[in-house]
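Here the protein sequences come in this chain order: A and B. Mapping of the first sequence onto the UniProt record's numbering: position 125 corresponds to residue 125, and the numbering continues sequentially without gaps. Mapping of the second sequence onto the UniProt record's numbering: position 74 corresponds to residue 74, and the numbering continues sequentially without gaps.
One thing to keep in mind: the hints can contain errors.
Identical chains share a label here; the pair holds if one copy fits it or two copies do between them.
With a straight-line cut-off of 25 Å between C-alpha atoms, the simulated DSS-like cross-links for lysine-lysine are [as the list claims (entries may be wrong)]:
1) Lys209 <-> Lys134
2) Lys236 <-> Lys153
3) Lys134 <-> Lys21
4) Lys236 <-> Lys213
To be clear, the hints were calculated from the coordinates, so they are not data collected in a lab.
2 protein chains.
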Amino acid sequence: MSFKTDILQIIKDESRVVFDKQIEGRFLSDTLGRLVGKADALVFAASTEEVSALLKYADANKISVTPRGAGTNLVGSTVPQNGGIIIDFSKMNKILEFDADTFTATVESGILLKDFQAFVESKGFFYPPDPGEKSASIGGNIATNAGGMRAVKYGVTRDYVRGLEVVLADGSVTWVGSKNVKDASGLSLKNLIIGSEGTLAVITKCILKIIPKPEYSKSVLVPFADLESGISTVQKILFANANPTAVEFVERKVVELGEKFTGIKYPHPEAAAYLLLTFDGKQNEVKENLEIIKNVVLQNGALDFVIPESPERLEEIWKVRGCLVKAVEATSEQEPVDLVVPIDKVAEFIEFVNKTQKKVGMQMVAFGHAGDGNVHLCVVRGSRSEEEWKTELQKNMECVYSKAYELGGLTSGEHGIGLSKRHYFLKETKNTNLQMMNAIKTSLDPHHILNNKISYVL
Amino acid sequence: MSFKTDILQIIKDESRVVFDKQIEGRFLSDTLGRLVGKADALVFAASTEEVSALLKYADANKISVTPRGAGTNLVGSTVPQNGGIIIDFSKMNKILEFDADTFTATVESGILLKDFQAFVESKGFFYPPDPGEKSASIGGNIATNAGGMRAVKYGVTRDYVRGLEVVLADGSVTWVGSKNVKDASGLSLKNLIIGSEGTLAVITKCILKIIPKPEYSKSVLVPFADLESGISTVQKILFANANPTAVEFVERKVVELGEKFTGIKYPHPEAAAYLLLTFDGKQNEVKENLEIIKNVVLQNGALDFVIPESPERLEEIWKVRGCLVKAVEATSEQEPVDLVVPIDKVAEFIEFVNKTQKKVGMQMVAFGHAGDGNVHLCVVRGSRSEEEWKTELQKNMECVYSKAYELGGLTSGEHGIGLSKRHYFLKETKNTNLQMMNAIKTSLDPHHILNNKISYVL
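Chain A with its partners taken away, still in its complex shape (with noise of 0.2 Å):
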């Protein structure tokens, strides 16, 4: 039998297979769209049976696999490397149980994010973390560990999973993790495969931890005359005691970027830099919250202590901040950065940044979450040729990770490592470190078909 009548046989639904030249050029690639692979069959799956159906068949004929959420990412995670199958699970999507007793909803991984948080919220609960691309999958979110704002006080996607169903390589369907909230019981599998990108087992469903809504939040920004005495200020702000939700900080050079995009208006252009905090809880404890740190920055140098007086310019000040990516990519394609360096580091990382960009001349626009050391750079193509583009940006990245890495920062704090980001997650990783995820990758996947030369995989 054929290939496609194999597959056909497994998804005995014509209407959820794509074949070979017929597959979107969208399907093989990620958001970016520069990194485009091949495969071929993309299959939309509409169950766990199907997936595992198609693992089993996969592995007994050594056919690779890529597992695909929304592929809103941003490192060439779902860029087929060696043809083979897509599995898409954009209509594997549904919310499965909602279990306001256990403090948990299960939902199948397919589903997206924003409709997965409105959808909670919707009960009076809430889903803390919060990526900036809210039309990415929960499943996505899980595999590649996904931060954003709200980290500071919340953590991330791996502290709000409670368990997954996964299909292993060789199609055998099982659950790591429960609805319990502790667990000392053997190895902690679903804590090795969040975060792993897809190459060890494909994640099916999903339990979700989920709490009560708080009941209040105000975001303040903070102009500084320069960013060395803004981010300085960052530490001062988490030893208070005040429980920050979000301490974003950005350059006035970057807002400007921003302020252009949207045509809005940030106070204080004379700042340097910007802290932007958002504080959540109960009125009276955010409140009170906000009086200690309005003594922390303005006793730090801060120009003014800024609370939006309204929520439409509250939504406007978070508007220019989550433009930011977009605004870059309006004057020039841009190569996305994610590494994360220790939170007494970021001054000294940005001040290297701003050095490394004048001296090569390749722009590196800097912003991100301050308050886990977390730093996203745009850099900035401009007019460089495809050639010129690749040769400088591969060795004035080599220079950057290898600044983090001296810093103690690592490759990726938020977007995982995929395509983009392989090349210097293995030059600056101890082989050690290498020899050890390879091993386990081989030990659960031991044809190498799940998400093959991604990430870590050798």
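Got chain A sorted already, so can you dock chain B onto it with the hints?
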């Protein structure tokens, strides 16, 4: 060369090595002392280099290795199964770095929890994990992913481990994790090793997350006329957005054992059960939360809402809660059980336990962490002969664990599996998951020298 000569060539200090029959019994057991293993050498390691050299030697010669923290475990995790070498970490107990700027402290794995807690609190910081046994080592806490009272608000040991220096079976030394807050850079080896009970690697150094010390803390005792109303109120407490630090439950009949043991009296002896709650944070916040919870519990059938009138009385209340295991042990040998069930199943499970103990005539004293479904049982031997105790205990425990799994529960919430719970864990765990765990074990420790036949290791 002989084994002894080899070991003394690695550890060039005879005062830190004990051989064969010279090894004291307590080093061959856990804190209960019932299961006793055999070993050829006990080494008090002084450095990572020594641990590395020992493992390299052991791996080359296929000699079993049993890492040992303070030996306070309750499940036989430190009972050597195949002779070989015990590596004791009690001399590797230094604080290596206190880094307020990144909210971390780096320690050797043999440091005791109580010493570490005292150290960070003296610096104005706080290490939230709070297992009952304060004389446990931090390395042991990490190996079992220890929990404790404060887990409801603060999470468990896993949530406070930023990085680990580990020695692999072949003697390689590496770091997994780092000081970074976010990490989406390859497989989470750190999270795999946490809770692995010494089966994958030996932990030598730990970077721990610390947080600013809460300003204020208040506990409250809430008596209920029946267990069911007490337990069903727990979820209402958790839903009330009042962020409790601890939510403990204890039945009146269990309190009576503690009262007898300590001479301290709880109020409301007519109650059938008590909840013991703690709140911490800023003073106003705690007071507001107490008001909220007072309303919640009184609306749900609480007999009273007793805030201990003095620090001494508070200490008394916690003393009774803290002594329960010892109170039981004063009357008879007991088997400690550390089951976990989803939080909405605690009442049903306790009811089942109460019925079972009546039916089979074996006393099972239940108390525990209601806020996270972690139920502790002390199963009492009474006047049974060794043989009767062994046979009846296993039969009754099979029944209890089976019920817990039926309710979606797990063998252990915080003690780990070790030797004592292995029978039940292997019986209840899905074969696919056991296979995954054992495949990973073999990938990292091909000769199975580390804690073999412990926990999940087949």
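Tell me, which hint numbers fail for this structure? Structure breaks hint 3 only.
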